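Asker: Next come the chains, spelled out residue by residue.
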Amino acid sequence: MINLIVIVISAAMFALVLVWWRWPAFRAWIEAPKYFMLRQECRFDDQLKG
Amino acid sequence: MTTLSEQSVHPGGQRSVQSAGELPAVEYGLIRAHVLASLVTLVLSVLFGILVATKFTFPEFLGGHGWLTWGRLRYNHTQGIFFGWMGNAFLAFSYYVVPRLANRPVLSLKLGWFLFWIWNFAVVLPGWVLVAAGFSQPLEWAEFPLVVDAFVVVAIILMVFQFVLPFLKARLSDLYVSAWYIIGGIIFTMLAYPVGNFVPELVPGARGAAFSGLWIHDAIGMFVTPFALAIAYYVIPATTGRPIFSHFLSMVGFWLLFFTYPLNGTHHYVYSAIPMAAQKGAIVASVYLGMDVILVVSNLLLSLRGSSGIASKDVPLRFVWFGVVSYLLVSLQGSVQALMPVNRFIHFTDWVIGHSHFAMIGFASFLALGGIGHLWQRIPGTRYNERAMNWSFWLLAGGLTLMIADLTIAGLVEAQVWQSSAPWIDSVRAVAGYWLVRAFSGLPILAGFVLFWISLLTGPQVAAESTSVVRRKAAENVSALDGDTSIAQWQPSFAGRFSYVHALIFGAGVGFFALSFLVLAILPGKELAAEIKQVAPVTMPTLTASEQRGRVIYGREGCAYCHTQQIRSLVADVRRFGAPTEAWETKYDYPQLWGTRRIGPDLSREFNLRPRDWQLTHLYNPRLVVRDSVMPPYPWLFSGSANQPTQEGLDLLAYLQSLGRARQLSGFDQQTQAPSVHSATSDMAMASEASARATPPTVPIAMMGGYSDSAPVLHPASNPDDLQDEVRRGATLFAANCASCHGAAGRGDGKASVSLLPRPADLTAARFSDERLSSVLWNGVAGSAMPPWRQLPTEDMRALVAYIHGLHAPSAAASTQEATSLNEGKFLFADNCAICHGDTGAGNGPAAGALAPSPTNFRLKKPTEERAWEVLGNGVPGTAMPPWQGQLNADERHALVEFVRTLYGTPQENSEQ
Chain A
612 MINLIVIVIS AAMFALVLVW WRWPAFRAWI EAPKYFMLRQ ECRFDDQLKG
Chain B
32 MTTLSEQSVH PGGQRSVQSA GELPAVEYGL IRAHVLASLV TLVLSVLFGI LVATKFTFPE
92 FLGGHGWLTW GRLRYNHTQG IFFGWMGNAF LAFSYYVVPR LANRPVLSLK LGWFLFWIWN
152 FAVVLPGWVL VAAGFSQPLE WAEFPLVVDA FVVVAIILMV FQFVLPFLKA RLSDLYVSAW
212 YIIGGIIFTM LAYPVGNFVP ELVPGARGAA FSGLWIHDAI GMFVTPFALA IAYYVIPATT
272 GRPIFSHFLS MVGFWLLFFT YPLNGTHHYV YSAIPMAAQK GAIVASVYLG MDVILVVSNL
332 LLSLRGSSGI ASKDVPLRFV WFGVVSYLLV SLQGSVQALM PVNRFIHFTD WVIGHSHFAM
392 IGFASFLALG GIGHLWQRIP GTRYNERAMN WSFWLLAGGL TLMIADLTIA GLVEAQVWQS
452 SAPWIDSVRA VAGYWLVRAF SGLPILAGFV LFWISLLTGP QVAAESTSVV RRKAAENVSA
512 LDGDTSIAQW QPSFAGRFSY VHALIFGAGV GFFALSFLVL AILPGKELAA EIKQVAPVTM
572 PTLTASEQRG RVIYGREGCA YCHTQQIRSL VADVRRFGAP TEAWETKYDY PQLWGTRRIG
632 PDLSREFNLR PRDWQLTHLY NPRLVVRDSV MPPYPWLFSG SANQPTQEGL DLLAYLQSLG
692 RARQLSGFDQ QTQAPSVHSA TSDMAMASEA SARATPPTVP IAMMGGYSDS APVLHPASNP
752 DDLQDEVRRG ATLFAANCAS CHGAAGRGDG KASVSLLPRP ADLTAARFSD ERLSSVLWNG
812 VAGSAMPPWR QLPTEDMRAL VAYIHGLHAP SAAASTQEAT SLNEGKFLFA DNCAICHGDT
872 GAGNGPAAGA LAPSPTNFRL KKPTEERAWE VLGNGVPGTA MPPWQGQLNA DERHALVEFV
932 RTLYGTPQEN SEQ
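Protein chains in written order, with this note's numbering: chain A, 612 to 661; chain B, 32 to 944.
The hints are simulated quantities; they were obtained by calculation from the structure and are not laboratory data. Be a bit skeptical, because a hint or two may be false.
[Stated by the list, open to error] Quick look at which bits of chain B chain A covers, simulated, 3 or more residues with Cβ under 8 Å:
no., segment
1, 198-206
2, 287-300
3, 309-321
Here the structure is a predicted model, which means the values were calculated and not measured. Ideal placement from N, C-alpha and C gives every residue a C-beta, glycine not left out.
Excised from the complex, chain A in its bound form:
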């Protein structure tokens, strides 16, 4: 069971890295929220500053 868990977690992580490496568009998509967060922060700041 332990071996299975180790294999599953390792495989899942490897698959993620593979997807990230193989599809640049995925990279862009997965990185988008960090800009969304900053934009929201600016919007709220602007509102508070009137």
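Use these hints to put chain B onto chain A, whose structure you have.
Answerer: For chain B alone, coordinates are given in the frame of chain A:
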């Protein structure tokens, strides 16, 4: 071209968004309320902690009443930190950040105030009061009683509605990693909390411990860590105005955290009766977790690249930076601690306490403070006092560093003593200085927290301009992204394919969470149940009603937080406490009381170990019988003195004396066990050590009572110089270990003597042979409070023999009685005394075997005339020796006194025992 600003109204999106210029409402009142509640409960909780730490040095400080005893304060310290401080801080930050990240308000303002009320006035406050009043649950991180747990569950469900629902309406591809951590933290805590708090009440002993172990770690991993990381991931980019280094890595870290953290729990029970496969699984997961933390922290620190100037000026960001670095260090420390070679050494010691304070203060509290400082500067009408907050940072950093260093070293010292054969109390004495420093280190920490609070209250009223530069930079970053054509190209075609990836993996995380319970609790539980069914004695007695009540008192006073009931399959444990704890021994333990910490010794084998009056005196005031003990006194279990226990005192005594009874009475250790019964734990832990093979669990061990023929006869040195050294050393040892009962001068009038029956021996009133003293030191005296001291090194016992010889008043002149008187004494002895003391006075008469303490062996002990006269006249209370002044006249008693004094030193024809 599609821009980010258009994403919010993208046709593929499923949410009903605020219009572009309209921002969701933020409940600033709730933010302020939770911040205030968090700091009030934080300061109170830290005060509880400082009291707890102080009691290690001054055990009787505020010790006269149950409400302020060590155990209950300890419960309220950790639960206050967990629910009061962390809970309120995380709720405050969630109210600030959820509308920003979900682009929607939280569900309801009314629900928010209801949640605030429940969290503080149905959980924290009543939890504290109930624990102080003696209603608690002796499970780590689950000490609030079940009735409070019910409100916690309700509160967490409300948190799902309040904070998770807004995210469910948002588009998955917009969800920033902080949002994922908030969602994960709430959902996984909702799943883990009932399992950790309710299941151990229903599943006993070792099986329940498997569940408790999960919650011990889930409390940190599923609640504290996600919210703390949500703060780190938010404050860093919001302050620097730059996006985090990699959102991909942050999500990998998130998923890995929720995959591996639930699997960690059983590493709190390495070398225990829990099946080895579960232990190994937890250890492997702990290593995985360490790798995950390296990933997360690398990502966070890389996000701070080029922002050192901001980090040095912006105090909340500096708090966050400190928390992130602490997260790395404490997590790697945790991974290493789980490894068996390390765990066997440092587990149960103060090292682990240092680790937990590092995690809860260095990591979680610094991040929570950073989050609060950050939002306080950005909500209407509040600003912090930078100077005060700066001082707060340095006080906290300095106090924490001192505390961690101190506790870590103390843990190593304890571990070293525990590996030796030194008496347990030596480990307490060895770290006494460290405990003082630890209590002292709490003061700057408390001052730091108070100052942080002050900094929030004394800030300027007008909004500072400090955020404008950062805001401009953030705007530039967003503008740059808006012009990124690659984003525009993939958005319509590609996003759809991945829109459910997050949800899929989140589902997998929940699956792994369920798997953790299957692998680490349910399957081991089934294995343990089968083992118990196979091994447990058919006649295993349950606890009596009194013992059961005593068990509740044991739990409510926090005894399990200093005394384990879990002998691990390790040589040092077995040598000191006896055979490793088997799962079947705990089959009636609802909930389990294994414990995860040892200030005092393990109590699994307390049955038949110490007499009743010793136990009662020890409970009344431990220092009466163990001079340097740091155990708190429990005077509320007595009516004014140690020999007047209340019913509660008697119940606790009954429970203590039942520990290990089933094991001893069952003859389990004499049975030949089928190979399958022996757990792999024992094999792994002990087989590789020659000393382990030479120390089978069933042989008498250092702390156990019982007579052993192997007692060596210790003769003091014959060389006068050497003898002087021995006497000097013996005096020190006597003062440290014996004087509390026998008195400083050895007259049997120590502080504890009042409540001990029979009274401790007056060592000045008799001459003892080397053989007698050696035997008593080695075996103790059955039927009295005199414990065996064979755990002392041989040279120490020899020094005690030398010193006790010197306590005896100069020998009286040889008997001058006439032969006729001696003959009369001899006849009187044969008629009246020989049935107990034996024909030759060797204490081996026909009735001796049934008596405890054994009748005096006059060949090895020569009482003074005064003492012999007194005993003959008045008897010895607490023994079978009756007063003889009614049966024998004065002349006859004088004749007997003279006769028994002539017996000393004559050769024995057989053993006295």
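Asker: All hints are to be evaluated individually against the structure, with a verdict given for each.
Answerer: A quick look at each hint next to the structure:
1. A count of 3 residues in the segment 198-206 of chain B with a Cβ less than 8 Å from any Cβ of chain A is obtained; the coverage claim is therefore met, three being the minimum.
2. Coverage of the segment 287-300 of chain B by chain A holds. Counting CB-CB distances below 8 Å, 4 residues qualify, and the rule asks for three or more.
3. Three residues within the 8 Å Cβ limit are the bar, and the segment 309-321 of chain B against chain A gives 5, so the coverage statement holds.
Violated hints for the displayed structure: none, as all numbered hints are satisfied.
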